[in-house]
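Okay, so the sequence shown: first residue is 0 according to numbering that gives the first Met the number 0, each after it adds one.
Calculated directly from the structure, the hints in this document are not laboratory data.
Check the hints yourself; a few may be wrong.
[Stated by the list, open to error] What follows is a list of derived Cβ distance ranges for each label pair:
id, residue 1, residue 2, range
1, A50, L248, 32 to 42 Å
2, E147, Y198, 31 to 41 Å
3, A112, I235, 15 to 25 Å
4, P89, F44, 39 to 49 Å
5, F160, P105, 39 to 49 Å
6, L85, I111, 17 to 27 Å
7, K62, L17, 30 to 40 Å
Built from N, CA and C at the ideal position, the CB exists for glycine as well.
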Amino acid sequence: MSQEETQQEQSHGRMSILQHLEELRKVIQVSVIAVLITSVVAFAFVDKLLAIVIQPALDAKIKLAVIGVTEGIFFKLHIALVFGALAASPILLWQFWRYLVPALYPNERRYIARLVPISVVLFVGGVVFAYFTVLRFMLIFLTRFSSEFSQMITISNYLAFTEHLLIPFGLLFEYPLLVYFMASIGWLSPDVLVRYRKYSIVGVFVIAAILTPSPDPLTMLIVASPMLVLYEVGVIVARVVARKRRIRLQELASQGG
């Protein structure tokens, strides 16, 4: 451990509760200001962002409606805030990192420094996948399934439906990272994943059936395929981590001997 890191840990250890709260207040202030600024910039391009958000509805030939005087403007503000938060995410992560680092050991810092960027990439990847595939299929199926009714889908309802679909897929794509973490601390082994693979495949298709109420096998396969791939990626990740962990333990044992 370097002298600078030691001094940081010692100074952090001497910080009072009020000093911790003051640091947290600064982090929150900077984060809120960053989100506000990026949201204002996003609002300047809100029409283009709006076109991206409602494109799946247009592809499904859905006409979105506004039933409140303020619903349209609040919809645009919501979009600007969401995209603003995404644009400000590097600043938010940096603020979180800056506040957390002094309390961590050097190996923990390296751990988180690797995991945080990867988690962001995986989450965005899951959202993008669901946007281009599952969302469109579900909108087309659900509207056709209720075609005998007069449909009036509000923009607020559409936004809530979209967010409730995209966010879970973003979280599902975090699975390899979860496997990496659990395997690193010895809570999970690749043998367990291999042993329960057939049960996991059944579980994946059950989840796919829940996320896609369409009886169409093609839709279920599209939803299930990335989850099956992620499971196999998790097996590979667990094997790599287990191998490294075994080598590290052998080195520690030889040094102790």
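- Do the beta carbons of E147 and Y198 sit within 31 to 41 Å of each other? Roughly 40 Å apart at Cβ, these two residues keep to the hinted range, so it holds.
- Item | Range hint 39 to 49 Å (beta carbons of P89 and F44) holds or violated | Cβ of P89 to Cβ of F44: about 19 Å, so the range 39 to 49 Å is violated.
- Message: Quick check on a hinted range of 30 to 40 Å for K62 and L17, using CB atoms only.
- Response: 56 Å, violated
- Cβ-Cβ distance between L85 and I111: within 17 to 27 Å? Hint holds: Cβ distance 21 Å, inside 17 to 27 Å.
- Look at the Cβ atoms of A112 and I235 and judge whether their distance stays inside 15 to 25 Å. Given about 22 Å between the Cβ atoms, the range holds.
- Does 32 to 42 Å hold as the CB distance between A50 and L248, or does it fail? Given about 54 Å between the Cβ atoms, the range is violated.
- Could you tell me whether the CB distance from F160 to P105 stays inside 39 to 49 Å? 45 Å, holds
Checked against the numbered hints listed earlier, the structure breaks hints 1, 4 and 7; every other hint is satisfied.
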